[in-house]
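Given the coordinates of chain R, work out where chain S should sit on it, guided by the hints.
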Amino acid sequence: DGGITQSPKYLFRKEGQNVTLSCEQNLNHDAMYWYRQDPGQGLRLIYYSQIVNDFQKGDIAEGYSVSREKKESFPLTVTSAQKNPTAFYLCASSTRGRATNTEAFFGQGTRLTVV
Amino acid sequence: QKEVEQNSGPLSVPEGAIASLNCTYSDRGSQSFFWYRQYSGKSPELIMFIYSNGDKEDGRFTAQLNKASQYVSLLIRDSQPSDSATYLCAVRYGGSQGNLIFGKGTKLSVKP
Numbered sequence: 001d002g003g004i005t006q007s008p009k010y011l012f013r014k015e016g017q018n019v020t021l022s023c024e025q026n027l028n029h030d031a032m033y034w035y036r037q038d039p040g041q042g043l044r045l046i047y048y049s050q051i052v053n054d055f056q057k058g059d060i061a062e063g064y065s066v067s068r069e070k071k072e073s074f075p076l077t078v079t080s081a082q083k084n085p086t087a088f089y090l091c092a093s094s095t096r097g098r099a100t101n102t103e104a105f106f107g108q109g110t111r112l113t114v115v
Numbered sequence: 116q117k118e119v120e121q122n123s124g125p126l127s128v129p130e131g132a133i134a135s136l137n138c139t140y141s142d143r144g145s146q147s148f149f150w151y152r153q154y155s156g157k158s159p160e161l162i163m164f165i166y167s168n169g170d171k172e173d174g175r176f177t178a179q180l181n182k183a184s185q186y187v188s189l190l191i192r193d194s195q196p197s198d199s200a201t202y203l204c205a206v207r208y209g210g211s212q213g214n215l216i217f218g219k220g221t222k223l224s225v226k227p
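In order, the protein sequence lines correspond to chains R and S. So the first sequence is numbered by the numbering used here: it starts at 1 and just counts up by one. So the second sequence is numbered by the numbering used here: it starts at 116 and just counts up by one.
Be a bit skeptical, because a hint or two may be false.
Each computed DMTMM-like pair below joins lysine to aspartate or glutamate, with the alpha-carbon atoms no more than 25 Å apart [claimed, not checked]:
1) K117(S) to D54(R)
2) K57(R) to D142(S)
3) K182(S) to E103(R)
4) K219(S) to D38(R)
5) K222(S) to D38(R)
6) K117(S) to E24(R)
7) K117(S) to D59(R)
8) K117(S) to E62(R)
9) K157(S) to D59(R)
10) K222(S) to E62(R)
Pulled a few chain R residues facing chain S out of the computed Cβ check, cut under 10 Å [unchecked claim]:
11) I4
12) P8
13) F12
14) Q56
15) P85
16) C91
17) E103
18) F106
19) G109
Derived contacts from chain R toward chain S, CB cut-off under 10 Å, selection only [as the list claims (entries may be wrong)]:
20) Q6
21) R44
22) Y48
23) I60
24) S94
25) R111
Rather than coming from a laboratory, the hints here were simulated on the basis of the structure. Glycine included, C-beta positions come from ideal geometry on N, C-alpha and C.
With the rest of the complex left out, here is chain R (with noise of 0.2 Å):
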């Protein structure tokens, strides 16, 4: 079955410590996105990549960084500079073409918790 998986589901975190968030897709596409979540909120954009080894910084990139060395992979890295991470942290992948319906797919999300 194509899709989107993220890894894992939930995830504690330690002051001070740097976390990765898995996020595999085998539908062929070209972009990937990481959204932020919280309570009450809408999502909130953090990095997207159009292309491996190219990403670009969303909305609220500060604490946290990416890679995109193969198509379908786009790990999260979580710093510690990122003081607030607590959240819902969702990854999306969409086709990269010239419909302008290119919808985007979710993985089911990684509820990140700090202890």
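Positioned in the frame of chain R, the structure of chain S alone reads:
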């Protein structure tokens, strides 16, 4: 600043009624519009997309787009308790390679 605005709700409707969800956006250059449904604790799933003015129907769902007024709406006919969720409006700015900007969502509650 590109914005997408939604009434946070909750919007409560009785079972079998029509639920009407609205969304406004700030950038006249926006080309495509999406409605996602998100159940509590789950990831968003796409319900519909629309990019031409007018109505688009898919089963019990109808998306309506008015570019002149910069709003997009979602109608859910014959609402069911299983429709109770948060509905996110998303707008793609900057053409086919632009990013999706999401509203904060409207929480819908369908009462049996």
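Going down the list of hints, with the structure as the test:
As the CA atoms of K117(S) and D54(R) are separated by approximately 24 Å, the hinted pair is consistent with the 25 Å bound. For the given pair, K57(R) sits about 21 Å from D142(S) by alpha-carbon distance, which is consistent with the 25 Å threshold. Between K182(S) and E103(R) the CA atoms are separated by roughly 19 Å; this keeps the pair inside 25 Å, and the hint holds. Distance restraint check for K219(S) and D38(R): the Cα-Cα separation of roughly 10 Å lies within the 25 Å cut-off, and the hinted pair is therefore satisfied.
Under the criterion of a C-alpha separation no larger than 25 Å, the hint pairing K222(S) with D38(R) is consistent with the structure, at around 15 Å. With a CA separation close to 29 Å, the supplied pair K117(S) and E24(R) exceeds the 25 Å bound. Restraint check: the Cα-Cα separation between K117(S) and D59(R) comes to about 11 Å, which is no more than 25 Å; the hinted pair holds. The straight-line distance between the Cα atoms of K117(S) and E62(R) is roughly 20 Å, inside the 25 Å bound, and the hint therefore holds.
Distance check on the hinted pair: K157(S) and D59(R) sit about 23 Å apart at the alpha-carbon level, within 25 Å; holds. Proximity of K222(S) to E62(R) is assessed by CA-CA distance (about 29 Å); at most 25 Å being required, the pair is judged violated. Nearest Cβ of chain S to the Cβ of I4(R): about 9 Å, under the 10 Å cut. The hint holds. With a least beta-carbon distance of about 14 Å to chain S, the hint placing P8(R) at the interface is violated under the 10 Å criterion.
A hinted interface residue such as F12(R) counts as satisfied when its beta carbon comes closer than 10 Å to some beta carbon of chain S; here the least separation is about 17 Å, so the hint is violated. Against a cut-off of 10 Å between C-beta atoms, the interface hint on Q56(R) holds, since the closest Cβ of chain S lies about 9 Å away. At a threshold of 10 Å, the smallest CB-CB gap from P85(R) to chain S is about 18 Å, leaving the interface hint violated. The interface hint given for C91(R) is met, as the beta carbon of that residue sits about 9 Å from the closest beta carbon of chain S, less than 10 Å.
A least Cβ separation of about 5 Å between E103(R) and chain S falls short of the 10 Å threshold, and the interface hint therefore holds. Contact between F106(R) and chain S, as hinted, is supported at the beta carbon level, the nearest pair being about 4 Å apart and thus within 10 Å. Hint status for G109(R): holds, given a least beta-carbon distance of 5 Å to chain S, under 10 Å. Satisfaction of the interface hint for Q6(R) is found here, the shortest Cβ-Cβ separation to chain S being roughly 8 Å, below the 10 Å cut-off.
A distance limit of 10 Å between C-beta atoms decides the matter here; for R44(R) the minimum to chain S is near 8 Å, and the interface restraint holds. The beta carbon of Y48(R) comes within 6 Å of a beta carbon in chain S, closer than 10 Å, and the hint placing it at the interface holds. Given the 10 Å rule on beta carbons, the hint for I60(R) is violated: about 13 Å separates it from the nearest Cβ of chain S. Among the interface hints, the one on S94(R) holds; its C-beta lies about 8 Å from the nearest C-beta in chain S, closer than the 10 Å criterion.
The interface hint given for R111(R) is met, as the beta carbon of that residue sits about 8 Å from the closest beta carbon of chain S, less than 10 Å.
In this structure, the earlier hints numbered 6, 10, 12, 13, 15, 23 are contradicted, and the remaining ones agree with it.
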